[in-house]
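Chemist: Chains as they are written, first to last, in this note's numbering: chain V, 0 to 120; chain Z, 0 to 120; chain P, 0 to 120.
Hints listed in this document are in silico derivations from the structure and should not be mistaken for laboratory results.
Accuracy of the hints is not assured; some may be wrong.
No copy is singled out in the list; a pair is fine if it fits within one copy or between any two copies.
As the list claims (entries may be wrong) - Derived pair list, reagent style DSS-like, types lysine-lysine, alpha-carbon separation capped at 25 angstroms:
{"#": "1", "residue 1": "80", "residue 2": "115"}
{"#": "2", "residue 1": "115", "residue 2": "89"}
{"#": "3", "residue 1": "81", "residue 2": "115"}
Listed below, chain by chain, are the residues.
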Amino acid sequence: MPLVTITAADHYPQEWYRQVADIVNEVVIETLDFPVDDRYQIIQALPAERIELQTRSGDALILQLTMRSGRSSTAKQHFYKKVAETLEQKVDVDPANLMIVITENKDADWSFGDGKAQFLV
Amino acid sequence: MPLVTITAADHYPQEWYRQVADIVNEVVIETLDFPVDDRYQIIQALPAERIELQTRSGDALILQLTMRSGRSSTAKQHFYKKVAETLEQKVDVDPANLMIVITENKDADWSFGDGKAQFLV
Amino acid sequence: MPLVTITAADHYPQEWYRQVADIVNEVVIETLDFPVDDRYQIIQALPAERIELQTRSGDALILQLTMRSGRSSTAKQHFYKKVAETLEQKVDVDPANLMIVITENKDADWSFGDGKAQFLV
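Just chain V, same shape as in the assembly (with noise of 0.2 angstroms):
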């Protein structure tokens, strides 16, 4: 936990696809209070005119993310700020374009592998 969708503009090199999805994880990880091998991400490249944030210019980025219900909007806002700052430190994604979505779900929504669910055992 949790799944991160990560869609982003698909002109990007390959690299700064990695670095995004570095960072979210780490962000993820020490502000919402994961296991630090929690790292389960979908990246998603699209071309910049199918992703519509209003009509603010430059790229969008959005992350969608889907974890057990649980953290407290303390941890989420933390999240948010702390994700928003260190990619535009680190890869100068403008905190302006950056959306989050969070959707919650329960215990036994999740299977991490081996066609069990990990919460329930």
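Given the structure of chain V, go ahead and fit chains Z and P onto it with the hints provided.
Modeler: Using the frame of chain V, we list chains Z and P on its own:
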């Protein structure tokens, strides 16, 4: 709000995706009572055979909306009806092939930019 | 119901995606008790390095299901087990690399076509 993912076959002209996205956005704002500049969309074009809608013939169009809980069932029904009608009238989408799924979350689950949780501020 | 998004590496033959989608659909219907024609799938193929599953070796396969709340934890566990077993047997997917995430919603959140909310009618 909301974040809308539009999934469609990839064989249409570029302009078609723009028209569909514009229509969806207009109807979302009108029927679900969002501010006029609340446009957040991901447009995903896939080979037609990668989108399965039972055994229906013709291209599928799938809309996935994530939004805060609070909209009434009546408002959702109004949205379904109006978006199906408008897509049929303006871009000839068969209403039979339009699937819509909504997922709801909470105030703390949104950051629209700048690393802030705008609904909590 | 449900809407199933299948995310897999993009280097497989076309037929493989069809087989995986067929298997997932069959097991969903069998174990989660859906009508036999309830097939709604989005199949997303991405470069293998764009799908992160910890540090596991081999290709990841991620299933994301959105469905109405109501299925029991036992039914979900049955689904996880059966789909992992069947994918391994029939298309050689390593169960260790299969991740499944479920998100639940409500009756009013579905339109399967024709602009109607079928669960409310």
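Chemist: Evaluate each hint against the coordinates.
Modeler: For each hint, the structure was consulted:
1. 80 / 115: between (34 angstroms within a copy, 6 angstroms between copies)
2. 115 / 89: Classified as between: cross-chain Cα gap 19 angstroms, same-chain 37 angstroms, threshold 25 angstroms.
3. 81 / 115: between (33 angstroms within a copy, 10 angstroms between copies)
In summary, this structure violates none of the numbered hints.
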